[in-house]
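J.: Can you build the whole structure from these sequences, using the hints too?
As given, the protein sequences belong to chains A and B, one line each in that order. Going by the working numbering, the letters in the first sequence line up with residues 1 to 390, in that order. Going by the working numbering, the letters in the second sequence line up with residues 1 to 177, in that order.
Hints in this document: simulated from the structure, not taken from any laboratory. All figures in this text were calculated on a predicted structure; none of them were measured in a lab. Hints are not guaranteed to be accurate.
As the list claims (entries may be wrong) - Which residues of chain B face chain A? A partial, calculated answer using Cβ under 7 Å:
(1) Gln31
(2) Met37
(3) Asp58
(4) Glu163
(5) Asn164
Stated by the list, open to error - Distance condition first, Cα-Cα at most 25 Å in a straight line; then the derived SDA-like pairs of lysine to any residue:
(6) A:Lys304 / A:Asp369
(7) A:Lys2 / B:Ala59
(8) A:Lys2 / B:Pro146
(9) B:Lys84 / A:Ile113
(10) A:Lys304 / B:Ala3
(11) A:Lys300 / B:Leu157
(12) A:Lys2 / B:Lys84
(13) A:Lys2 / B:Leu157
(14) B:Lys84 / A:Leu368
(15) A:Lys2 / A:Ile113
(16) B:Lys84 / A:Glu181
(17) A:Lys304 / A:Asn377
(18) A:Lys2 / B:Tyr34
Unchecked claim - Here are the computed distance ranges between Cβ atoms for each label pair:
(19) A:Gly296 / B:Thr101: 37 to 45 Å
(20) B:Phe60 / A:Thr322: 27 to 35 Å
(21) B:Arg160 / A:Arg41: 15 to 23 Å
(22) A:Glu184 / B:Arg154: 18 to 26 Å
(23) B:Arg121 / A:Asp87: 58 to 66 Å
(24) B:Ala114 / A:Asp266: 34 to 42 Å
(25) B:Thr101 / A:Glu184: 46 to 54 Å
(26) B:Thr101 / A:Leu380: 35 to 43 Å
(27) A:Lys300 / B:Arg160: 23 to 31 Å
(28) A:Pro28 / B:Ser106: 35 to 43 Å
(29) A:Asp348 / B:Arg4: 35 to 43 Å
(30) B:Pro97 / A:Ala191: 47 to 55 Å
(31) A:Ala251 / B:Phe60: 41 to 49 Å
All C-beta atoms, glycine included, are put in the ideal place defined by N, C-alpha and C.
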Amino acid sequence: MKRIFDTGNAAITEGAIRAGCNLFAGYPITPATEIAENMSRRLPQVGGYYLQAEDENAALHICNGGSIGGLKAMTATSGPGFILFADAFGWAVSSEVPVVIVNSQRVGPVSGITGAPGQGEFYLSRYLTHGGNYETIVLAPASVQEAYRLTVRAFALAERFRTPVIVLADQMVTDGWETLELPETDDEFAALGLEVVPRRINPGPEFYPASDEIDVPPVVLGHNTGAACSDWTPTDRGHDTEDITWQHKHAWRLIHKIVNNRQLIDEADEWFLDDDPEIILVGYGTPSRVIRSAVGEARKSGLKVGGIRLISLWPFQSHLFTRTACYLVVELNWDGQLVREVERAAADGSNVHFWGRCGELPSMAELLDTVRQLLDNEPLQRDGWRTEKW
Amino acid sequence: MVARIEILISGFGGQGVVRIGQILGQAAVNQGLYTTMLISHGTETRGGYVRSQVVISDAFIDSPVVENPAYFCAFSPIAYGMFKHLCNRQTVILHNPNLVTADPASDACHRAIAGETLAERELGNAQYANVIYLGVLSAHCGLLVPEHIVTAIRQRLPERSHENNIRAFELGREYTL
Chain A
1 MKRIFDTGNA AITEGAIRAG CNLFAGYPIT PATEIAENMS RRLPQVGGYY
51 LQAEDENAAL HICNGGSIGG LKAMTATSGP GFILFADAFG WAVSSEVPVV
101 IVNSQRVGPV SGITGAPGQG EFYLSRYLTH GGNYETIVLA PASVQEAYRL
151 TVRAFALAER FRTPVIVLAD QMVTDGWETL ELPETDDEFA ALGLEVVPRR
201 INPGPEFYPA SDEIDVPPVV LGHNTGAACS DWTPTDRGHD TEDITWQHKH
251 AWRLIHKIVN NRQLIDEADE WFLDDDPEII LVGYGTPSRV IRSAVGEARK
301 SGLKVGGIRL ISLWPFQSHL FTRTACYLVV ELNWDGQLVR EVERAAADGS
351 NVHFWGRCGE LPSMAELLDT VRQLLDNEPL QRDGWRTEKW
Chain B
1 MVARIEILIS GFGGQGVVRI GQILGQAAVN QGLYTTMLIS HGTETRGGYV
51 RSQVVISDAF IDSPVVENPA YFCAFSPIAY GMFKHLCNRQ TVILHNPNLV
101 TADPASDACH RAIAGETLAE RELGNAQYAN VIYLGVLSAH CGLLVPEHIV
151 TAIRQRLPER SHENNIRAFE LGREYTL
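T.: Have a look at this one:
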């Protein structure tokens with residue numbers, strides 16, 4: 001392993017290159033600009049293409065086009081650019097285009113605050129386009145090292161599932177500097193549990209089967225597939241149709257290829273859940289690291305506290321919340337997003353609480369105070385902002 | 001054995017706040033330690049608010065948040081005002097007396113170093129002040145081997161400035177607190 005000190009942006013770049021990315025199109029935005037900068041330097045070294053687009057919607061459309069042309073493509077942005085993907089993301093979902101999208105979440109809405117972290121796109125990443133009838137794969141790194149791993153994984157999942165995969169990072173991960181171990185040999189790479197799925201080519205003439213099958217090679221134009229890639233509903237030969245039966249088959253495939261193979265996507269850490277903890281802290285991304293420290297500290301002082309860290313966010317891992325328990329969901333937003341999903345998934349009789357703040361990570365001390373308040377049945381109140389119910 | 005050491009650096013953009021963190025982090029990695037550095041900043045590249053939170057440990061670091069700083073490099077009154085509440089009697093606050101006035105109510109150990117003046121006088125450029133503070137911190141803290149820091153300076157800073165930055169680092173190490 002090569003041990004270096006670098007940013008999440010650098011880790012994402014190296015992960016993408018290792019995964020075989022050979023097209024990056026994007027539009028610079030803090031705190032993801034360095035991904036574009038790094039890719040503009042790295043891609044020519046590996047025979048790939050870098051393109052600065054006129055805006056984010058164009059950037060993702062270029063990635064889609066490149067992918068349909070046989071390239072492995074990625075784009076990267078932050079919230080204000082992520083929202084502009086809405087149109088192109090729909091194309092990628094519906095035409096089943098493998099593509100990787102990185103969003104480094106900052107404080108929003110709109111331009112918000114550039115150099116501070118947020119977690120405001122939990123739901124947006126699930127529904128980044130209109131129309132419904134689809135599932136989304138979203139992975140959330142909590143460290144520079146994990147940003148590398150999940151970028152490689154995102155490329156593999158995108159190829160296998162023929163779909164866009166979102167790496168939902170935050171400003172602390174992408175701008176943050178950390179010890180990063182990069183595999184130098186194939187064995188070291190495999191030891192990290194990683195694989196590279198090369199681009200295969202759908203031989204045609206069928207488009208995609210009306211089934212939940214994955215590992216069906218994606219359509220690459222010009223390879224005798226006979227299949228068109230368009231924004232219309234496809235028949236089994238890829239021809240446009242407005243027939244509702246075909247639409248149903250298409251939607252069924254988009255949904256079930258993901259939910260029926262979700263065991264390949266689901267990933268989470270669980271800490272100290274074996275002895276029926278009185279409180280379970282829940283989070284993803286960088287706040288989950290403070291959660292882990294707080295859980296460890298609480299255990300040292302004899303408190304029965306556990307933790308759950310979501311690594312894959314969507315499809316949502318409802319099965320992690322089947323215990324009747326007191327959950328404290330910690331997020332980098334004021335409105336509470338993940339907490340709503342935990343509330344929905346939590347077993348009957350559970351209590352679900354919310355600790356939220358934007359732009360600044362919680363401190364371990366703050367989380368421990370909140371844990372003690374909950375254990376003492378005190379109402380949660382802090383500066384008029386934190387609310388029991390969002 | 002280094003359980004966990006937390007260092008906070010904050011000031012205006014352009015003062016080298018991130019650079020100090022990068023050099024510390026790189027030196028820690030050179031020394032086989034784990035490190036994290038969170039950066040928070042405003043939109044501006046120069047003149048805006050910047051903060052580096054550096055944590056160094058011999059094991060993987062869970063929380064990267066500085067909440068009990070061993071050192072706080074306070075380079076602006078705003079930064080000092082924002083983060084002095086995190087400091088306790090175990091904290092050493094390195095500050096520029098021309099910019100930051102120590103709060104008499106704080107029980108942290110304040111050390112006033114006119115880094116900019118010293119850099120201007122000795123190296124002809126106030127820009128090297130941040131590396132002087134790094135030298136002071138390094139001499140006081142003792143955790144990181146100076147050779148690893150010098151290597152980190154060479155790795156992280158442009159070659160044309162190596163000589164002056166290494167001199168600035170030595171000036172800081174020789175500075176008597």
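J.: The structure should be examined with respect to each hint, and the outcome stated for every one.
T.: Hints versus structure:
Residue-level restraint check for B:Gln31 is violated (minimum Cβ-Cβ distance to chain A is 11 Å; threshold 7 Å). The criterion of a C-beta within 7 Å of any C-beta in chain A is met by B:Met37, whose closest approach is roughly 4 Å, and the hint holds. Interface restraint check: B:Asp58 against chain A, minimum CB-CB distance 11 Å, threshold 7 Å, status violated. Taking 7 Å as the C-beta cut-off, the interface hint given for B:Glu163 is violated, the closest approach to chain A being about 23 Å.
A hinted interface residue such as B:Asn164 counts as satisfied when its beta carbon comes closer than 7 Å to some beta carbon of chain A; here the least separation is about 23 Å, so the hint is violated. A C-alpha spacing of about 14 Å is found between A:Lys304 and A:Asp369, which places the hinted pair at or below 25 Å, so the restraint holds. Between A:Lys2 and B:Ala59 the CA atoms are separated by roughly 17 Å; this keeps the pair inside 25 Å, and the hint holds. As the CA atoms of A:Lys2 and B:Pro146 are separated by approximately 22 Å, the hinted pair is consistent with the 25 Å bound.
Between B:Lys84 and A:Ile113 the alpha-carbon distance is near 23 Å, which keeps this suggested pair within the 25 Å criterion. Between A:Lys304 and B:Ala3, the direct Cα distance comes to roughly 24 Å. Compliance with the 25 Å bound is thereby established for this hinted pair. Taken as a hint, the A:Lys300 and B:Leu157 pair is broken in the structure, with Cα atoms around 42 Å apart against an allowance of 25 Å. Restraint check: the Cα-Cα separation between A:Lys2 and B:Lys84 comes to about 38 Å, which exceeds 25 Å; the hinted pair is violated.
Distance restraint check for A:Lys2 and B:Leu157: the Cα-Cα separation of roughly 21 Å lies within the 25 Å cut-off, and the hinted pair is therefore satisfied. For the proposed pair B:Lys84 and A:Leu368, the alpha carbon gap of about 21 Å is at most 25 Å, so the pair holds. As the CA atoms of A:Lys2 and A:Ile113 are separated by approximately 34 Å, the hinted pair breaks the 25 Å bound. At most 25 Å may separate the alpha-carbon atoms for a hinted pair to count; B:Lys84 and A:Glu181 exceed this at roughly 34 Å.
Between A:Lys304 and A:Asn377 the alpha-carbon distance is near 15 Å, which keeps this suggested pair within the 25 Å criterion. For a cut-off of 25 Å, the pair hint linking A:Lys2 to B:Tyr34 stands: about 14 Å separates their Cα positions. For A:Gly296 and B:Thr101, the Cβ-Cβ distance of about 38 Å falls inside the hinted range of 37 to 45 Å, so the restraint holds. The hinted range of 27 to 35 Å is satisfied by B:Phe60 and A:Thr322, whose Cβ atoms lie roughly 29 Å apart.
Checked against the given bound of 15 to 23 Å, the beta carbons of B:Arg160 and A:Arg41, roughly 21 Å apart, stay inside it. Checked against the hint of 18 to 26 Å, the pair A:Glu184 and B:Arg154 passes, with Cβ atoms roughly 23 Å apart. At roughly 59 Å, the beta carbons of B:Arg121 and A:Asp87 sit within the given window of 58 to 66 Å. The given range of 34 to 42 Å is broken by B:Ala114 and A:Asp266, whose C-beta atoms sit roughly 57 Å from each other.
At roughly 51 Å, the beta-carbon separation of B:Thr101 and A:Glu184 lies within the given 46 to 54 Å, and the hint holds. A hinted range of 35 to 43 Å for the beta carbons of B:Thr101 and A:Leu380 is consistent with their spacing of about 37 Å. Between A:Lys300 and B:Arg160 the C-beta distance comes to about 49 Å, which lies outside the given range of 23 to 31 Å. Look at A:Pro28 against B:Ser106: about 41 Å separates their beta carbons, and that is inside 35 to 43 Å.
Between A:Asp348 and B:Arg4 the Cβ separation comes to about 41 Å, which falls inside the hinted range of 35 to 43 Å. The supplied range of 47 to 55 Å is met by B:Pro97 and A:Ala191, whose beta-carbon atoms lie about 52 Å from each other. Distance hint check: the CB atoms of A:Ala251 and B:Phe60 are about 43 Å apart, consistent with the given range 41 to 49 Å.
Hints 1, 3, 4, 5, 11, 12, 15, 16, 24 and 27, counting from the list given before, are not met by this structure.
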